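Chains as they are written, first to last, in the working numbering: chain A, 1108 to 1742; chain B, 1067 to 1152; chain C, -17 to 146; chain D, 324 to 743.
Just so you know, the hints here were simulated from the structure itself, not pulled from any lab data. Values in this document were obtained by computation on a predicted structure and should not be read as measured data. Hints may be right or wrong, so weigh each one.
Said to hold, decoys possible - Each computed SDA-like pair below joins lysine to any residue, with the alpha-carbon atoms no more than 20 Å apart: (1) D/670 with A/1375; (2) D/482 with C/70; (3) D/631 with D/666; (4) C/23 with A/1250; (5) C/27 with A/1388; (6) B/1105 with A/1375; (7) D/448 with C/50; (8) C/23 with D/415; (9) C/-7 with A/1332; (10) A/1694 with B/1135; (11) C/-15 with D/726; (12) C/23 with D/715; (13) D/394 with D/377; (14) D/666 with D/739; (15) A/1113 with A/1136; (16) C/27 with A/1136; (17) A/1338 with B/1124; (18) D/670 with A/1259; (19) C/23 with A/1472; (20) C/27 with D/716.
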Amino acid sequence: MALNRKIAYIDLTTGTVEAKPIPVKMRKQFLGGRGLDAYLLYNHIKPGVDALGPDNVLLVSAGVLVGTLASASSRTHVAAKSPLTGYFGSCNMGGFFSPELRFAGFDHLVIKGKAAKPVYLWIHNGEIEIRDASKVWGKGVRDTQEAIREELGDHEIKAMTIGIAGENKVRYANVMTEIKNSGGRTGMGAVMGSKNLKAIAVRGTMDIKIAHPAEALEYDKKVISQVTAAKVSQEMGKLGTLFIWGATNSQGLVRTRNFQLNQLDESDAIEPEEFEEHTFGMAACYGCQVHCRARYVIPDGEYKGVYDEGPEYTSIGAFAGEPGCRDLTTVLAANHLVNDYGMDTLEVGGMIAWAMELYEKGILTDKDTGGLDLSFGNEAAVIEMIHRIAKREGLGDILAEGPLRAAEKIGKDSIKYQIHVKGMSALHSDDRPAPALALGIATASRGADHLRSRPAIDLYHLPEPVLRQIYGQPVPYEGPLTSDYTDYEGKSWQVFWQEQCYMAVDSLGICKYHTIFLGPNFPNFEEWSKLLYYNTGLEMTPLDIWNVARRANMLERMFNLREGLTKQEDWLVDRYFDEPTKLGIPKIRGRVIDRDKLHKLIDEFYGFQGWDTKGVPKPETLKALGLEKEPSHQL
Amino acid sequence: MTNERRAETTAEATARGRTYGAFRCLNCFERNTAPSGAKSFKCPKCGFEWRLSWPMPTQPRIRGPVWETNRRLAEEATAKQTKGEK
Amino acid sequence: MTKQLVIDYEKCTGCRLCEMVCSVKHEGVVNPARSRINIAKWETKGLTVPVVCRQCEDAPCVSACPTNARMRDEELGRVIVNYDRCIGCKTCVVACPFGAINWDPLARKVISCDLCDGEPQCARFCETGAIRFIEVSTANKDRQREAAGQLLESMQKPVQPAAR
Amino acid sequence: MKVLILGNGVAGNTAASTIRRLDSQADITIISEETFAEYSACALPHYISGEYGRRKLFLRTKKSYAQEKIKTILGQKVTAIHPESKQIFLDSKNLSYDKLILATGARPVVPPIPGANLAGVFTLKSPGDADRIIAGMGKAVVLIGSGPIGVETAIALRKRGLDVYLIEFMDRIMPRIFDAKPSSILRSIIQEKGIKVFTGERVTSIIGDTKVTGVITDKRQIECDQVVVGVGMRPNVELAKQAGITIGSLGAIAVDRQMKTNLEDIYACGDCVQTRDMATGKETLSPLWHNAKRQGMIAGYNCLGITKIYPGAETITSLDVYGTHAATFGCIELEPNRAEPVKVVEKHIGGNYYRLMITNEKIVGAQSIGNARDMGAMLYALIKHEPLSRINRIVEQRPIPENPLYHRAARALDLQSIKG
């Protein structure tokens, strides 16, 4: 059946490989993907290890529905201790890697140790080989993949690889597959680089047996139609995720000039529709009918004629909004560069914008920048800084260390202008008018993270009965819920609920854009329960799936606490509280987050989690979820 | 199958409220419709003006604000509010 | 009137859902290697091309088959395989100019599109419009004829030197 | 209209079916010396190996002839053709015709080796031959000649558990269709399965009193109970020659591109004719199933006055070597008397091997071991004399052409890195 995929333990120091089946019992507790990774990380990493040392463990995994007919079940999850935050490190990406990993016979890879010289893994129909990577070391993301395909003689090979940034251990380096599928945030690429692991190449022709094929075909078709019928899916299938930038900037919900302002006005030139002119059709991840990334060729400038995919709304935020640029070519070129260097677009943009504000404030001078004019709006400087960060040249070497380490090196007041949580830069969105979004980033397990618990539909002004329908299952909720996104009422539950929702899909391996992230009528726990049954034969109720999510989220929390996380770090930087928003529609102007009210939200949130007032899981919570004996070393 | 619980899931139920062709004003959340292919739109409720695009022939989307109008309206509203507070 | 799979190559997003549903429909498993439709993909160029049997009227695979196992099924306008007769010589695989006939490595048999006996799942799942199963309208017929004509013409192009 | 077809093979039967499809009234009779219904010679090795039952060899039954209203006269020899009176003579009677189609096929050549007439020396062409080989199975068998028939028969008999010796006069197996590298890949596969292969050896005699007991080559002596000779085919043209039909330079019936012979209302098709090779444009004997089938069809059409042109023979060979698919078409590099130099491009793709032969930037031949899915496009590139640069242009073209003939092959074979 679809569950007969294995877990492989690979020790790069000794060169040993061991494969084991994954017991159905573990599946029922953690499903796969991020859920099981949470378990594995908690069990395989000793507290306090150096994230860039050989004792860190890199996990690569496929969700339990990956490669099945379930819509958009294409997600690959990578986890390790983060060299950026020092806490739970994790990234999740689409594309074709994890389906291919499953066709090659594996669901989870546990990679330990450090290779003596650059290597890559070659995984093929149940076999794993460690190969010399000296020929591809130093190559960019796409050249590496093409070179591996050439070397192994198969065009169908999918490879997850690091670029130059990962080799240089830029602390927010990505793991990448294909042109643009990026495992971003928390620096998993740096972990790979630190292990001298350049790439993981996979190719397989093994069956993934569907438990109930005829029913699966019918049901999956129904779910696909449910997703594609949504207006937002159709917009995204035309314009990509850029439409999110368009919609939020129109209201004033974006950070610009490193959080000094909240709208990039007169920015018609970088509206999604403008990008559309330069694209030729859309591309999709494995098995997805929404197809949200554009295929484009850079129309102008130094990189004219280069093919790439995307950009995502995060890139437009990172390379237009935050540094205050309005140039289309810059965004397209920057997107291409971060893809090929293998860096987190969002972190790069955040760091550059931060440096620009420091330059504006005189904290960084021409001497520090090597003569580069880091004024806001200087497009050439943005591109130049991307190169420098990836290659760790000059100021780039400092910025490559991530928010906290860089601020420490630069000193003065520089930390005051950093927009981060737990040492990870925040998305370009301005969350001051929306407490629910602010609470989400403050409490997310991997730092300022909009993909862990963000109730994005809170911005939709949905009627309360609809909110009740959504947030009232699979566990009942009777407390307050409000349509107004500027309100504080009930937002803690929404964030808590979304956290379980996203953990569930990350464990299943489904894309978040096929969940309530984007719209109220997207698939939900109920649909996933059926998808699981028809595709894999696992019988799990919506509540069972909810509990899997609870369990895995709990382990992520426990991991962070073990690494020294305190309640103080579930918090935002002062700018959220002290500097009111200046632009946008009336509703959004003059907004700050209220410290007391956020405290209250966090307390409520802890309560829903079953944590004590310090944010530590209560013994009874652990018992209820069966986690009291962790680490249990069952896998 | 065992976990076939009820005929309609939450997502299916909420989907019944879908309004194709309509879009919400990003300021006041009023549901509006616009003449097919219209390039811009003024919200009858709040007066904010938006530029439209048509990703699908029947479904408009707010492309962005008419910058000047919306900025002026927002500044007026904020001024009124501050005055009221004083 | 018979229906046929019409492919709009420009619309393909390369998601490979067609491969998945094809292998599930026919084999009950997901395995692109056992799918009757395949996507040829150039990642670095953003080019994806679905390759599937075109159910040729005068099919090279049918004439190449040494056991008459491949034959046309006029009722559904398709080329089918009689597995009782097929000896697995794979001459049809070599003969197909489109590379649309696959060899199933597990079941050890040649596989090619059978139009799912009248309801092709690939077309049903493909919402991009890249694969459609439609009536052979006049317009399509013309396009097909043109394509077939080109193929035929090139096959009959006198070979140099004109010996006879 | 009265059509007589001499020969009950694929060419004759295809001609008959084609005529029937176009003309429901025609009076069609197939006449054959053999008593078998139409069978597939390609399936014979599978029958010998025991994988297929005997019934599976036959493509038609008495009933299916009747359904198509095709009369048969089987087991009778045609003694003469009188083109002037439009008559043929059988052992016992004579028949008149409006159109005559000669599809008399070819027969295996038995080289003049001492002992070749002993009991236990077989060729393989018909189900009868296969029956005799099966009946004569002992412990060991020697196959003389390592063409595809020899190799497939060797595999079949090895599957029966016999000691199998394959002897080839040239330096590699299947020397006419594979170059050294692919040939050696295939050789190692069959050797691994226990078939003993001796190349560069000439059989000097077959020994035994009345029945075969062994084979002597210029290098060794091998004990065996049975010898299967597969060194080539010779067209059956005696009847045609007698009737005054022109015989071509290669010893087969000469036909034009409509499969007409030099005599009015007499057509010929199948293994008994010589045609032009589509790749080289040279006269060729191409006793291959698909060529016979197409020729039969062309003959059928033209018989009824519908002009259809035969484009030429394609030399495609495809065989299964213990689950490994080996395919080849067009020229090989080591072809004797090659006029133009050829550039060879080899590709290892996964576990598969491709070899393209290129002359003047055009594909002139290809061989593959493993996955052959992308060979078809190359075959058509050969037929079309398409330069690689044009193929690349087609592949690069946007929008993608309605007929993406080369895309898949271009992807797999990475044609851009292959230049003429």
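Status of each hint after checking the structure:
For the proposed pair residue 670 of chain D and residue 1375 of chain A, the alpha carbon gap of about 50 Å is over 20 Å, so the pair is violated. Of the supplied pair hints, the one linking residue 482 of chain D and residue 70 of chain C holds, its CA atoms being roughly 16 Å apart against a limit of 20 Å. For the hint linking residue 631 of chain D to residue 666 of chain D, the alpha-carbon distance of about 35 Å lies beyond 20 Å, and the restraint is violated. Restraint check for residue 23 of chain C and residue 1250 of chain A: satisfied, since their Cα atoms lie roughly 16 Å apart, inside the 20 Å limit.
Distance check on the hinted pair: residue 27 of chain C and residue 1388 of chain A sit about 12 Å apart at the alpha-carbon level, within 20 Å; holds. Pair hint residue 1105 of chain B plus residue 1375 of chain A holds up; C-alpha atoms about 14 Å apart against a cutoff of 20 Å. Under the criterion of a C-alpha separation no larger than 20 Å, the hint pairing residue 448 of chain D with residue 50 of chain C is consistent with the structure, at around 18 Å. Distance hint between residue 23 of chain C and residue 415 of chain D is unfulfilled; the C-alpha atoms sit about 66 Å from each other, more than 20 Å.
Distance restraint check for residue -7 of chain C and residue 1332 of chain A: the Cα-Cα separation of roughly 18 Å lies within the 20 Å cut-off, and the hinted pair is therefore satisfied. Taking the CA atoms of residue 1694 of chain A and residue 1135 of chain B, the gap is near 16 Å; set against the 20 Å cutoff, the hint holds. Under the criterion of a C-alpha separation no larger than 20 Å, the hint pairing residue -15 of chain C with residue 726 of chain D is consistent with the structure, at around 18 Å. Proposed proximity of residue 23 of chain C and residue 715 of chain D is supported: the alpha carbons are some 15 Å apart, at most 20 Å.
For the proposed pair residue 394 of chain D and residue 377 of chain D, the alpha carbon gap of about 24 Å is over 20 Å, so the pair is violated. Between residue 666 of chain D and residue 739 of chain D, the direct Cα distance comes to roughly 15 Å. Compliance with the 20 Å bound is thereby established for this hinted pair. Distance hint between residue 1113 of chain A and residue 1136 of chain A is fulfilled; the C-alpha atoms sit about 16 Å from each other, no more than 20 Å. Between residue 27 of chain C and residue 1136 of chain A, the direct Cα distance comes to roughly 42 Å. Violation of the 20 Å bound is thereby established for this hinted pair.
Restraint check for residue 1338 of chain A and residue 1124 of chain B: the C-alpha separation of about 11 Å stays at or below 20 Å, so the hint holds. The suggested pairing of residue 670 of chain D with residue 1259 of chain A holds, with an alpha-carbon distance near 11 Å, which does not exceed 20 Å. Restraint check: the Cα-Cα separation between residue 23 of chain C and residue 1472 of chain A comes to about 48 Å, which exceeds 20 Å; the hinted pair is violated. Restraint check for residue 27 of chain C and residue 716 of chain D: the C-alpha separation of about 14 Å stays at or below 20 Å, so the hint holds.
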